[in-house]
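Engineer: Model the placement of chain F on the given structure of chain E, informed by the hints.
Here the protein sequences come in this chain order: E and F. With this note's numbering applied, the first sequence corresponds to residues 890 to 1199, in that order. With this note's numbering applied, the second sequence corresponds to residues 37 to 216, in that order.
Everything labelled a hint here was simulated from the structure, so no lab data went into it. Here a beta-carbon is modelled for each residue, glycine too, at the ideal position from N, C-alpha and C. Some hints could be false.
Below, a list of computed lysine-lysine pairs in the DSSO-like style, where the Cα atoms sit at most 30 Å apart [claimed, not checked]: (1) E:Lys996 / F:Lys48; (2) E:Lys1033 / E:Lys1067; (3) E:Lys996 / F:Lys52.
Heads up, incomplete: computed chain F residues facing chain E, CB under 8 Å, no partners named [unchecked claim]: (4) Leu63; (5) Ala72; (6) Thr95; (7) Ile148; (8) Glu152; (9) Lys176; (10) Leu203.
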Amino acid sequence: MRRADNTEQIIKENLSFTASAAMHNRILNDVLAAQEQAKQTKSGLAQANLWRTIMKSPITKIAAVITVVCALIGSLWLLDRGTGVAFGQVIENVTKAESVSFLFKQKIGDQPVFVSKVYIQHKKVRLDILGAQGQQQSVEQLQKEMQRRNLTSLLSMIGDFTHKYALELDHFRRTYKKTELDDRTVAEFTKANLIEQFRNAKEENAEWVSQEMQDGRVIDVYVIRDVKLMGIEAELSGQEGSRMKVWVERKSGLPVRILLEASFDVEGKSKDWLEFYDFAWNEPVDEDLFNLEAPEGYYTYTLAEPPVPD
Amino acid sequence: MIEDELLKWRFKRGSKDALRRIYEKYLNYLLTLAMALLSDAGTAEDVVHDVFVSFAGSTENFKLSGSLRGYLASCVLNRARDHIRSTRRQTVAAAGANSASSDPYAPEQSVICTEESVRLNRAIAELPDDQRETIILRVKGEMKFKEIARLQGVSVNTVQGRYRYGLSKLRSILNGEVEK
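The shape of chain F in the complex, shown without the other chains:
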């Protein structure tokens, strides 16, 4: 989009307004990706926060020839992965301590969503990580299989397979065919 090119250009030159516009344009998009990847409002907020803060601090070295939207989405993905890895390590270390966490969709978490979103997100959370990532990046991130393959470091065929299996499983979950 030409608008994004203009925003990139102005951001690179330190424009506060451009940064604000980028933020307002992509905040909810990135939040939705983060929520779908992490299923926790607080963590999703942290990830989106860190992505934007890091982006804002990169003005001087900012170089991007591709899509701004795709770039920000991949930043969310990377941070979400880092978080998932780190949480798993902590979970193993804590051996299940404090496992009864608060409701990730509770109102105090500051994320506004519909019941349907919550239901869908809970279903998506049951998918294996790679399938969940693929579906989210494809459907909500509007990325091509080729781009997802690059991000995941696998072949396009693998990504397509993950997508197919993931959708099929998700369909079953939503239809109540898979017991939790």
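Just chain E, with the same shape it has in the complex:
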């Protein structure tokens, strides 16, 4: 028997068990059946309040912002590397940009489409979830409720990555939460690390596909394939449909629309997408939007979650 000088390493590298196809399918069938059964038994709860969905969703609140910034910085970085001199100018324009705001929509699986407005200025980000779209009954209820309360947005997330603080404003409940950001979170939002996420992208995957006229402006359209979105490279790479389309205004050399298409399910059947549009580059954003103080009339809470008001 050979010596085990580095037992730890030996276990790490060699101790591994793999389920056979039969075991895999046997368990999977039961697992999916259990989920189906759980769905049926929750009956009345199936029409869950969409507000709770939004409030409890780390993705809509945080990953959305990460996605936005990734997409912006990453797409331009790729374009610069992949398609030549013209894009050197685009990335330079973006790098020099003092601020940007845009609208952001995301459609993942059978969930409603969430619509948000994003503002980025230096190292400050604000995301306002404006509402949801879709045929679901819960969306309809939410829209009615927003009208009744005269709300223009449901939730705001403000991040100041210089001072390392984030403020979450729940306009529905009129509550706020202020959080100190740890270094890891801050790092995720920083430009360098976001670019790093795209370092392994295939440079040759960016290609000019067409030219369009929009409101008298010349727009160049580019497609970047095999985009690594939010670090989910295993799922996206190699799948048809995981791509980013970028519309760049020729005159300003800046993106006016970005569409990410991908499939988040294992079999690649669903068509999920994220769209960024209505860009406003270099239009100074009102600093009040990044204010980390809660508005008057908002209260904070620490232990139990406050109930959704009637």
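Structural biologist: Okay, now just chain F, sitting in the frame of chain E:
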């Protein structure tokens, strides 16, 4: 991982695809943990099965702010412990009856593994429960000592001690210095 956050979010909302992805992502990881903790393919399959089925049925009440991987690993650990306790009770009750069980690594058990894995697993099986748990959770579960201490309900120092002694004993077993 952001991917896991996304999966948690989609799973919570009843996504079948998310559940399938979680299953495919962690099946072999959990199976390896279960095999190392239980040393029996059939029982390991049962434990992993029960963990996933229970997880799948928890959609509505699912709340998890920590790591999905760590959560599933701790579920395997808890079920493995339950099984070990229950088996011990049965063994005592049966007073050694039916002790000659079939080969736990036999092909019909549906677990695919190398000879080296079997050899290692047999060696790990000789360790006391607490040392075995600590080594598996640390090395294969990639958990911090602090997390293991929380799961085992002991201090970090105790966990580190178990880890050290366990590795040392395992090294001896693998080097053939300890007779079975």
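Engineer: If a hint holds in the structure, say so; if it doesn't, say that too.
Structural biologist: Structure-based check of all given hints:
With a CA separation close to 16 Å, the supplied pair lysine 996 of chain E and lysine 48 of chain F stays within the 30 Å bound. Taking the CA atoms of lysine 1033 of chain E and lysine 1067 of chain E, the gap is about 29 Å. The hint holds against a cut of 30 Å. A hinted pair counts as satisfied when its Cα atoms are at most 30 Å apart, and lysine 996 of chain E with lysine 52 of chain F qualifies at roughly 16 Å. Taking 8 Å as the C-beta contact cut-off toward chain E, the hint placing leucine 63 of chain F at the interface holds, the least distance being around 6 Å.
The interface hint given for alanine 72 of chain F is met, as the beta carbon of that residue sits about 6 Å from the closest beta carbon of chain E, less than 8 Å. Because the beta carbon of threonine 95 of chain F sits about 5 Å from the nearest beta carbon in chain E, less than 8 Å, this interface hint is met. Hint status for isoleucine 148 of chain F: holds, given a least beta-carbon distance of 4 Å to chain E, under 8 Å. A distance limit of 8 Å between C-beta atoms decides the matter here; for glutamate 152 of chain F the minimum to chain E is near 4 Å, and the interface restraint holds.
For lysine 176 of chain F, the interface hint holds, since its Cβ comes within 8 Å of a Cβ in chain E; the closest pair sits about 6 Å apart. Hint on leucine 203 of chain F holds. Least Cβ distance to chain E is approximately 5 Å, under the 8 Å limit.
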